[in-house]
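Enquirer: Sequence:
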Amino acid sequence: MIFTQVSIELEKTIKKASGAEKKTIELVVFPAKLERISQNRLDEFQMQGLKKVVRYSLNNIGDYEYEIFDYFRDDRGTRYKRISWERDIKTNRITLEGVVANGV
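Under my numbering, read the sequence shown as residues 30 to 133, first letter to last.
Hints in this document: simulated from the structure, not taken from any laboratory.
Calculated lysine-lysine pairs in the DSSO-like style (CA-CA distance at most 30 Å, straight line):
id : residue 1 : residue 2
1  : K44       : K110
2  : K52       : K110
3  : K41       : K110
4  : K110      : K81
5  : K51       : K41
6  : K62       : K81
7  : K110      : K62
8  : K110      : K51
9  : K119      : K62
10 : K41       : K52
11 : K41       : K62
12 : K81       : K119
13 : K41       : K81
Computed from a predicted structure; not experimentally measured.
Based on the provided sequences and hints, a complete structural model is requested.
Expert: Structure (structure tokens):
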């Protein structure tokens with residue numbers, strides 16, 4: 030396990046007094062643990078481009094559990110597309126999985 034941090038990208042819409050709308054991206058930083066994903070065998074879904082899949086375990090995220098977002102960043106600034114965002118009932122943690130956003 031590697032202790033690190035994850036920033037999720039929340040897209041917010043701000044309304045101006047003139048009625049115009051502006052979309053901004055807010056980064057929210059959480060402490061996380063990088064978990065290993067064991068791949069005992071490669072099946073046809075894992076062979077599609079051999080994408081880099083990462084899994085993080087997050088603790089104490091509060092009301093952000095119900096936020097909807099598409100992308101997140103690791104501590105190095107690599108951008109990932111979210112695959113799953115779910116609560117583990119046994120450990121009461123959030124599991125976040127993603128693949129590299131640019132597909133390389």
